[in-house]
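K.L.:
Here is how the chains run, residue by residue.
Number of protein chains: 2
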Amino acid sequence: MKFLDKEEQQLRQSKLQQFIREQGFDGLLVSSNANLYYVAGAVYAGYAYVPAEGDTLYLVRRPVGIEHPQVVYIRKPEQIVDALTAAGIAKPSRIALELDRLPYNMAKRLQAALNVETVFNGSPILSQSRSVKTPCEVELLRQSGIRHSNSYQRIPSVFEVGMTDVEFQIEMERVLRCDGCLGIFRISGESMELYMGNVLSGDNADTPTPYDFAMGGEGLHTSLPVGCNGTVLRYGNTLMVDMNGNFTGYMTDMTRSFRIGDVPQLALDAHQLSIDIHNRLREAIRPGFTAAEAYNLAAAMVADAGLDDYFMGHRQKAGFIGHGVGIEVNELPVLAPRSKDVFRAGNVIALEPKFVIPGVGAVGIESTYLVTESGLECLTEFPEELADLCQ
Amino acid sequence: MKFLDKEEQQLRQSKLQQFIREQGFDGLLVSSNANLYYVAGAVYAGYAYVPAEGDTLYLVRRPVGIEHPQVVYIRKPEQIVDALTAAGIAKPSRIALELDRLPYNMAKRLQAALNVETVFNGSPILSQSRSVKTPCEVELLRQSGIRHSNSYQRIPSVFEVGMTDVEFQIEMERVLRCDGCLGIFRISGESMELYMGNVLSGDNADTPTPYDFAMGGEGLHTSLPVGCNGTVLRYGNTLMVDMNGNFTGYMTDMTRSFRIGDVPQLALDAHQLSIDIHNRLREAIRPGFTAAEAYNLAAAMVADAGLDDYFMGHRQKAGFIGHGVGIEVNELPVLAPRSKDVFRAGNVIALEPKFVIPGVGAVGIESTYLVTESGLECLTEFPEELADLCQ
Chain L
2 MKFLDKEEQQ LRQSKLQQFI REQGFDGLLV SSNANLYYVA GAVYAGYAYV
52 PAEGDTLYLV RRPVGIEHPQ VVYIRKPEQI VDALTAAGIA KPSRIALELD
102 RLPYNMAKRL QAALNVETVF NGSPILSQSR SVKTPCEVEL LRQSGIRHSN
152 SYQRIPSVFE VGMTDVEFQI EMERVLRCDG CLGIFRISGE SMELYMGNVL
202 SGDNADTPTP YDFAMGGEGL HTSLPVGCNG TVLRYGNTLM VDMNGNFTGY
252 MTDMTRSFRI GDVPQLALDA HQLSIDIHNR LREAIRPGFT AAEAYNLAAA
302 MVADAGLDDY FMGHRQKAGF IGHGVGIEVN ELPVLAPRSK DVFRAGNVIA
352 LEPKFVIPGV GAVGIESTYL VTESGLECLT EFPEELADLC Q
Chain A
2 MKFLDKEEQQ LRQSKLQQFI REQGFDGLLV SSNANLYYVA GAVYAGYAYV
52 PAEGDTLYLV RRPVGIEHPQ VVYIRKPEQI VDALTAAGIA KPSRIALELD
102 RLPYNMAKRL QAALNVETVF NGSPILSQSR SVKTPCEVEL LRQSGIRHSN
152 SYQRIPSVFE VGMTDVEFQI EMERVLRCDG CLGIFRISGE SMELYMGNVL
202 SGDNADTPTP YDFAMGGEGL HTSLPVGCNG TVLRYGNTLM VDMNGNFTGY
252 MTDMTRSFRI GDVPQLALDA HQLSIDIHNR LREAIRPGFT AAEAYNLAAA
302 MVADAGLDDY FMGHRQKAGF IGHGVGIEVN ELPVLAPRSK DVFRAGNVIA
352 LEPKFVIPGV GAVGIESTYL VTESGLECLT EFPEELADLC Q
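Sequence lines, in order, name chains L and A. Per my numbering, the very first residue in the first sequence carries number 2; after that it's consecutive. Per my numbering, the very first residue in the second sequence carries number 2; after that it's consecutive.
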């Protein structure tokens with residue numbers, strides 16, 4: 002099992018340590034797979050202790066056999082303090098845990114094991130640090146974006162009029178997997194679930210979902226009520242394809258919509274407006290611009306066009322038009338009306354202004370962008386128009 | 002969105018309420034997707050309040066439009082008490098939450114919203130109730146088992162000597178999905194992850210994983226270090242196939258192993274011993290028999306055969322030989338040496354005595370069984386021998 006190389010590890014560690022010191026913590030105990038992957042470059046069972054100063058200690062329960070100077074093996078959390086002491090780290094008193102993620106009982110067990118009266122929340126530190134990507138992380142996202150786009154080129158060859166949405170999705174799952182997609186779709190939040198993406202057509206696009214995704218769909222079963230539901234792909238409907246872009250442990254997010262023959266002018270107009278919003282936001286978003294301003298800019302364009310009824314859903318609406326992506330698909334910043342997030346160089350964001358046209362389907366595009374000092378750089382280049390899959 | 006029919010809902014509710022009253026709780030607030038699916042028959046965003054007596058109240062945040070006499074809509078947890086009051090339910094003081102699953106900060110928010118000094122752990126109640134399946138749940142598992150077995154019949158036609166393990170797995174993913182597999186693999190525990198199953202061949206079977214699965218494998222990437230890793234499927238090795246059996250929201254668990262031409266006698270012997278352990282446990286396991294006894298029986302057979310070095314892994318060993326299955330793949334009872342679980346009629350368990358033979362691969366079988374008064378009924382019928390995929 003290979004961990005991060007030293008230089009990258011130190012870079013991420015120094016970002017975290019700046020936040021740790023700002024908050025007055027002695028250290029941060031990392032415990033979730035997504036955040037262990039961030040601090041170590043590999044998922045393992047155990048913890049990582051990031052002290053306010055000095056080197057991170059990787060406390061590993063499984064797998065056996067990791068050879069790394071900063072790895073120590075433990076069997077249970079009750080051994081953490083002894084492991085820290087043995088590594089020359091003073092017993093921390095102000096310690097931050099992942100309180101937004103750790104199950105209540107596990108947090109309590111850790112608190113007892115660490116013998117501290119209070120535990121502090123380290124989740125925001127990790128989210129903030131992860132929201133500004135390092136050059137290495139950007140490169141992994143860039144690679145995912147290229148491979149994601151390459152896979153999408155096979156959409157027209159997979160499609161046939163009269164197949165169902167799920168038949169189409171299954172073939173695209175195979176395309177993505179053959180092209181190297183890792184399959185797993187990492188998403189933060191205990192109640193968020195999805196399998197390999199969301200393919201929507203016709204009225205199903207207007208079926209509300211319990212999940213906090215931009216779009217809905219009935220799904221194939223009440224145990225996973227989102228996405229394709231067996232709808233036949235028919236002339237006059239659209240097909241929205243929003244599938245898994247995890248090729249490198251870092252996920253790009255990318256949606257393209259297509260038409261099956263002729264569709265109503267409303268669908269064409271809404272799709273063009275989505276492209277226009279992307280173009281407008283590509284001009285507007287710079288380091289220092291706020292996520293709420295970006296949302297409001299998009300919302301104003303939609304209002305001007307009189308398309309509010311269809312924007313971000315119809316029967317049920319999503320409350321955001323974009324979000325950070327990286328190790329997980331729902332990172333900071335969040336482009337929502339009451340977001341406090343401010344864009345920074347190194348953010349990687351997915352913009353997804355989308356529309357649901359009743360009886361037709363969903364339209365609009367989603368692309369993933371790197372925020373740079375000079376504007377947005379698209380990581381998921383692919384034709385944007387509402388192409389006709391029958392031509 | 003369709004909820005459980007009244008009779009089934011009442012049956013599950015009455016099982017839960019017996020535990021709730023035994024523990025002296027006023028009610029149980031259900032919050033995780035898996036447990037909401039158990040009490041409602043559909044996943045939604047929100048909560049379910051199961052009072053010690055009387056009807057469950059479904060507190061729904063999303064999706065819009067559920068029509069059900071016991072559904073009330075809320076926007077946030079701070080509205081739960083008012084919603085209970087409006088439904089004629091007295092404000093509970095001894096309330097159980099899912100403390101094994103709820104993130105610490107969410108549990109604290111709920112505690113404040115419910116205005117209670119202490120919260121109690123309702124997770125064991127839900128696990129216990131779910132471990133004894135209702136006849137409807139057994140029927141869903143039976144259906145998954147039949148479809149799971151049907152999909153496995155296509156293993157020989159998918160296999161070709163010289164393909165990689167991941168190429169084989171991708172084709173099997175497609176087979177399963179085309180046959181109706183829902184894709185999602187529900188597993189309890191924040192750090193457990195897997196994509197569509199585990200396919201192992203050759204030395205990769207001996208690569209330790211961080212996850213608490215029976216078997217390991219390097220995986221394709223450090224962000225998901227389990228399972229196939231691109232190993233070429235060669236003569237003289239075995240191929241173990243352990244893939245997703247979620248066809249109905251209830252998952253069967255089923256592993257079959259194959260040989261690619263001739264394999265060493267050790268692999269043949271270990272595979273036969275796995276079959277023998279299944280047969281012995283099918284005679285032994287009855288309501289009242291303990292999970293620890295079952296584990297010890299298997300371990301003794303392995304010791305008698307002198308195969309300890311290979312049992313449940315080689316470089317790294319798993320600490321269990323079976324587990325309950327249902328909505329999630331790791332339910333109660335757990336067949337481990339220190340398990341306190343006692344078998345009950347209605348348990349559905351996967352038995353997976355497996356061996357890792359260095360340089361060859363993994364062997365052994367896994368089948369899912371219903372525990373009945375008269376013994377184990379297999380829900381995943383499929384030939385058990387180490388068949389040669391080249392014949």
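Think of the hints as simulated: they come from the structure by calculation, not from any bench. Be aware that a few hints might be false.
A pair holds if it fits inside one copy or across any two, identical chains being indistinguishable in the list.
To be verified - Straight-line C-alpha distance at most 20 Å; calculated EDC-like pairs for lysine to aspartate or glutamate:
hint, residue 1, residue 2
1, Lys92, Glu294
2, Lys109, Glu191
3, Lys7, Glu54
4, Lys318, Asp305
5, Lys77, Asp213
6, Lys109, Asp263
7, Lys16, Asp263
8, Lys3, Glu194
9, Lys318, Asp389
10, Lys77, Glu284
11, Lys318, Glu68
12, Lys3, Glu294
13, Lys16, Glu79
14, Lys7, Glu140
K.L.:
Does the structure break any of the earlier hints, and which numbers would those be?
P.N.:
Violated: hints 1, 6, 7, 9, 10, 12, 13.
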